[in-house]
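K.L.:
So the chains spell out like this:
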Amino acid sequence: MTQAAEAPAVPSKPRTPWITRSGLAVPLILFALFAVLPPILVVSGETFLLTILTRIMIFAIAAVSLDLILGYGAMVSLGHAAFIGIGAYVVGIMAFHGVSDAFLQLLVVLLATGLFALVTGAISLKTSGVYFIMITLAFAQMAYFTTTSLAMYGGDDGLTLRVRSTVFGMSFLGDRITLYYIVFAALLGAFFLCRTLVASRFGRVLQGCRQSPLRMRALGFSPYRYQLVAYVIAGMLAGIAGALLANQIAFVSPAYMSWMRSGELIFMVVLGGMGTLYGAIIGAFAFIAAEEILSHFTHHWRVIFGPLLIIAVLFARGGLISLIFARRGSG
Amino acid sequence: MLLLLQIKRAEQSIAHRGDAQPPGCSGSDGAPYATGANVNTILLTVQTLNGLQLGLILFLIAAGLTLVFGVMDFINLAHGVQYMLGAYFMVLFYGLTGHFFAGLVLAVLAAILAGLILEIVVFRHLYDRSHLDQVLATFGLILFVNEGVRMIWGSVPISIPTPEILQGAVVLMPGLLYPTYRLAVIGAGIVVAILLYILVTHTRIGMQVRAGAANAPMVSALGVNIRGLFMVIFGIGAMLAGFAGAMAGPIFSVEPGMGDHVLILAFVVIVIGGIGSIRGAFIAALLVGLVDTLGRSFATDFFRLFLDPSAANSVGPAVSSMLIYILMAAVLFFRPAGLFPAPGK
Amino acid sequence: MRKMISAVAAAALLGSGSIAAQADSLKIGMMLTLSGPPAPLGEHARDGFNLAVEQLGGQLGGVDTEVVIVDDELQPDVGVQRVQALIERDEIDMFVGVIFSNVMMAVYQPLIDNEIITISPNAGPSPIAGEQCSPYFFSTAWQNDQNHEVMGRFAEDQGYERVIIMAPNYQAGRDGLAGFKRHFTGEVVDEIYTQLGQLDFSAELARIAGAQPDAFYTFMPGGMGVNLVRQYRQAGLDNIAFLSAFTIDETTLPAIEEASLGFHSGAQWAPDLDNDVNRAFVEAFEEKYGYAPALYASQGYDAALLIDSAVRAVGGDLSDKEALLEAMRAADFDSVRGSFSFNNNQFPVQDFYSVEAVEREDGVYVTSIVEKVFEDYGDAYAEQCPM
Numbered sequence: 001m002t003q004a005a006e007a008p009a010v011p012s013k014p015r016t017p018w019i020t021r022s023g024l025a026v027p028l029i030l031f032a033l034f035a036v037l038p039p040i041l042v043v044s045g046e047t048f049l050l051t052i053l054t055r056i057m058i059f060a061i062a063a064v065s066l067d068l069i070l071g072y073g074a075m076v077s078l079g080h081a082a083f084i085g086i087g088a089y090v091v092g093i094m095a096f097h098g099v100s101d102a103f104l105q106l107l108v109v110l111l112a113t114g115l116f117a118l119v120t121g122a123i124s125l126k127t128s129g130v131y132f133i134m135i136t137l138a139f140a141q142m143a144y145f146t147t148t149s150l151a152m153y154g155g156d157d158g159l160t161l162r163v164r165s166t167v168f169g170m171s172f173l174g175d176r177i178t179l180y181y182i183v184f185a186a187l188l189g190a191f192f193l194c195r196t197l198v199a200s201r202f203g204r205v206l207q208g209c210r211q212s213p214l215r216m217r218a219l220g221f222s223p224y225r226y227q228l229v230a231y232v233i234a235g236m237l238a239g240i241a242g243a244l245l246a247n248q249i250a251f252v253s254p255a256y257m258s259w260m261r262s263g264e265l266i267f268m269v270v271l272g273g274m275g276t277l278y279g280a281i282i283g284a285f286a287f288i289a290a291e292e293i294l295s296h297f298t299h300h301w302r303v304i305f306g307p308l309l310i311i312a313v314l315f316a317r318g319g320l321i322s323l324i325f326a327r328r329g330s331g
Numbered sequence: 001m002l003l004l005l006q007i008k009r010a011e012q013s014i015a016h017r018g019d020a021q022p023p024g025c026s027g028s029d030g031a032p033y034a035t036g037a038n039v040n041t042i043l044l045t046v047q048t049l050n051g052l053q054l055g056l057i058l059f060l061i062a063a064g065l066t067l068v069f070g071v072m073d074f075i076n077l078a079h080g081v082q083y084m085l086g087a088y089f090m091v092l093f094y095g096l097t098g099h100f101f102a103g104l105v106l107a108v109l110a111a112i113l114a115g116l117i118l119e120i121v122v123f124r125h126l127y128d129r130s131h132l133d134q135v136l137a138t139f140g141l142i143l144f145v146n147e148g149v150r151m152i153w154g155s156v157p158i159s160i161p162t163p164e165i166l167q168g169a170v171v172l173m174p175g176l177l178y179p180t181y182r183l184a185v186i187g188a189g190i191v192v193a194i195l196l197y198i199l200v201t202h203t204r205i206g207m208q209v210r211a212g213a214a215n216a217p218m219v220s221a222l223g224v225n226i227r228g229l230f231m232v233i234f235g236i237g238a239m240l241a242g243f244a245g246a247m248a249g250p251i252f253s254v255e256p257g258m259g260d261h262v263l264i265l266a267f268v269v270i271v272i273g274g275i276g277s278i279r280g281a282f283i284a285a286l287l288v289g290l291v292d293t294l295g296r297s298f299a300t301d302f303f304r305l306f307l308d309p310s311a312a313n314s315v316g317p318a319v320s321s322m323l324i325y326i327l328m329a330a331v332l333f334f335r336p337a338g339l340f341p342a343p344g345k
Numbered sequence: 001m002r003k004m005i006s007a008v009a010a011a012a013l014l015g016s017g018s019i020a021a022q023a024d025s026l027k028i029g030m031m032l033t034l035s036g037p038p039a040p041l042g043e044h045a046r047d048g049f050n051l052a053v054e055q056l057g058g059q060l061g062g063v064d065t066e067v068v069i070v071d072d073e074l075q076p077d078v079g080v081q082r083v084q085a086l087i088e089r090d091e092i093d094m095f096v097g098v099i100f101s102n103v104m105m106a107v108y109q110p111l112i113d114n115e116i117i118t119i120s121p122n123a124g125p126s127p128i129a130g131e132q133c134s135p136y137f138f139s140t141a142w143q144n145d146q147n148h149e150v151m152g153r154f155a156e157d158q159g160y161e162r163v164i165i166m167a168p169n170y171q172a173g174r175d176g177l178a179g180f181k182r183h184f185t186g187e188v189v190d191e192i193y194t195q196l197g198q199l200d201f202s203a204e205l206a207r208i209a210g211a212q213p214d215a216f217y218t219f220m221p222g223g224m225g226v227n228l229v230r231q232y233r234q235a236g237l238d239n240i241a242f243l244s245a246f247t248i249d250e251t252t253l254p255a256i257e258e259a260s261l262g263f264h265s266g267a268q269w270a271p272d273l274d275n276d277v278n279r280a281f282v283e284a285f286e287e288k289y290g291y292a293p294a295l296y297a298s299q300g301y302d303a304a305l306l307i308d309s310a311v312r313a314v315g316g317d318l319s320d321k322e323a324l325l326e327a328m329r330a331a332d333f334d335s336v337r338g339s340f341s342f343n344n345n346q347f348p349v350q351d352f353y354s355v356e357a358v359e360r361e362d363g364v365y366v367t368s369i370v371e372k373v374f375e376d377y378g379d380a381y382a383e384q385c386p387m
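Chains as they are written, first to last, in my numbering: chain A, 1 to 331; chain B, 1 to 345; chain C, 1 to 387.
These are computed hints drawn from the structure, not numbers from a lab.
On a predicted model such as this, the values are computed, not experimentally measured, just so you know.
The reader is advised that the hints may include incorrect statements.
[Unchecked claim] With beta-carbon atoms standing in for the labels, derived distance ranges: (1) L214/A / F101/B: 43 to 49 Å; (2) R162/A / E287/C: 44 to 50 Å; (3) E287/C / F306/B: 35 to 41 Å; (4) G58/C / I152/B: 28 to 34 Å; (5) A199/A / W153/B: 51 to 57 Å.
Note that CB positions come from ideal geometry on N, CA and C, so glycine has one too.
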């Protein structure tokens, strides 16, 4: 995140370069880093970091999709991990039955998560505020308990993915660098899709609904329908993250959709800075990296991590990205 | 194959449960368990009592949560931690004093103190923040306190002995034996609920609390010391959660993270009841307690009525785990702000 | 016989003048569940393992040993990631872990694919004992079903005719109850599955009280078991025999205390198992850590002794995996559980006992051997293992 400070930062307000005005400076630097890191890591022999970075990007996809509904639509979903789990289970179950074609799997993942999002979203969006939080939690818990009772697919013990997804019958997702770049591409795709959505008329209506549903209704928009569409898109993107997670770990487990995971996704978004999309990526990075680094030092890492979270909230209003911009503004 | 056979056998015997007089246990300990046709009635009664008891413990936790949320507009995830602290303080003070009730009083006092310290150190700085910031910070607090408790007391579960006078079981009616301590928990829960009701409806502070739940800025504008009111509400919440933890100790084991599961249940309760509503929390807590307990005991039997036994065995527990969430989703579907939404919201 | 072969093999290897000499160091990655409610299991296994390493002067098989301990947090995907870090970042020579089967199923493939010698100090899921068995995988514990089978046979031997069995609704729970029924031919009146993490068993206890079986069998690990046993006593069900596995042990006894007295469990080990190695182990363990070891500690201790014996047998040369595996298979060491050999699936063939909770003279609650239930007993899945 220090690298962001080296961005073409100009304190004076007029005549800022396009890249700063577009708000793309930080994400582009992030993506450039993600793009060039693998060769560096391979050369320096730190290949295990690739695994962690891949995981960070997978959760970043889910976090970006959550930011779409949370940051722009004010829909605080405490059930977002359910989509990750469903995506993962679709891949796991299809592979279990010998269907490993990536495109077919992707299609079913999108259908399954889209349908789940449509049904649960249609019901959940009748509520708002903390009631929305709890009802999304309820649906995620139902999905969680359903998978734990799937005795045929290992129930609680989870399901080993015997074959990773294949493209035209070829399997190359087992290769870590290939998987890394596929996840990277998915993250790029998710980010720019959400960005385009947010900037579009659809996105403006969505944000309008967040600020004042009443006014939007007066203008002739139905907030409910816009919110539902956003919810379904976010669910499908998180489903893709789940499919990638299944391929990375080669294992699917109900644990992927526990409510703690949903909570962690919210933390990633809030920690990074919500309503920016790339804040979610930074949040995912900070969260997973902090967990990895701290747990390496002590098994009591939560004693440190907990207060860090509190401090982050108290002193970094608007998330970690606010630190970047605050520094830029003052210096 | 063997498994199927066994289940079938189990099936048959369930059908005949009741008229079987098992060999070798003809009430040798004088345990007056029922054998006969009224077994199902007794089962239902016992389960209902159990549901009540769980519901009352949930109410004690949810009451503080819903007040803090309703009046202060503050989502306190660390409320479950305060329940856990109550239990650990009970371990500590029961050990020190060797007396259950002295331990209980000290534990509740310590829980209030801990709550107020948390309020001053952390929560106070979060009142004017967004709900998400509050969630994030209080979750950090959960991580910290859980791990801290683990470092102090270890991760091995600790037990709190049942006090001497509340040991054993009481015969409620012929064939119905119920643990004395659980009855005491039910009694204590009801007493606290009544006291809380009187406090909220018949005292000046209660009036301010109710007004705060409806419109906090207005109460502040009318000259009520809102900071002081917040402290009082917070203290009450911490006291109730600590009391629940201390009372639950002899029934449940005391271990790090024991508050997390309860926290989710408490949130389910306050959302069903309507945020800020003590009455709603009370009814929803009993509802959740009963649905959860009765669901667990009868879901599998229910599914055996129309599914084959092995399917029922896997579907039943899964559905019973989901029941309270289904209940919550259903309530919110029909009443998006809970059963008893606070007026003015 | 095997012992001799491996000795000969080792000697031949040394004699052949191969340049591969004793390794400088032995790095062992250990992943256990060390957080959350089930943490005590991981802590016992860790302390048992560390005790052995310490007693052997920080060396296993005469090679300086470094143990890297990580926590899987009981999350399969976190586990996989930590294991990959152990393999790639720490470049471990061997892996010791894990406690829970769901984590084991997730990390098994990455470990085996990387040809890392893996010793499980606890989890023994049936696929790994059966068709997915691997020459790189060893268990110093048991196959998951076995301790349940012990109680099934015990119930049979006691002449119980009607039992109610109960476990949490997860894979290990369902496997456990299936294991119990393998040797029990009486009537299973009711088979109850509870929610994982459930703390209040009043609903289930009322059912049991209503059915009045001869015996009640349960598998209810950790805090769940603590609550169940205490509530069972409170409910006054003393006339129904209480049988269990992985429920009443030294990790839960400090909380259950006298409520568990006289209750039976199935186990392959107890602190008072009568042999010299075990007596020394228990004494040293309690002195060092200040608490009584549970079977998980004995399994961790044996894992270290197994590695020690194998590394010693190959003269500290870790480069020849085949020789090392051969030496591992010999299980040539004095286990705390007495006699012990490996089955074809490299799970132990060992004796199993019924144990009982007792209060020791010093006031500590421990399990105590009652009688031997199975002798040299292998698991039911070994025949599916192609090795």
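K.L.:
Each hint needs a verdict: does it hold in this structure or not?
P.N.:
Hints and how they fare:
1. Checked against the hint of 43 to 49 Å, the C-beta distance between L214/A and F101/B comes to roughly 55 Å, which is inconsistent with it.
2. A hinted range of 44 to 50 Å holds for the C-beta pair R162/A and E287/C, which are about 48 Å apart.
3. At roughly 60 Å, the beta-carbon separation of E287/C and F306/B lies outside the given 35 to 41 Å, and the hint is violated.
4. Between G58/C and I152/B the CB atoms are about 30 Å apart, so this pair conforms to the stated range of 28 to 34 Å.
5. Under the hint 51 to 57 Å, the C-beta atoms of A199/A and W153/B, about 53 Å apart, fit the expected range.
Comparing the model with each earlier hint shows violations of hints 1, 3; every other hint is respected.
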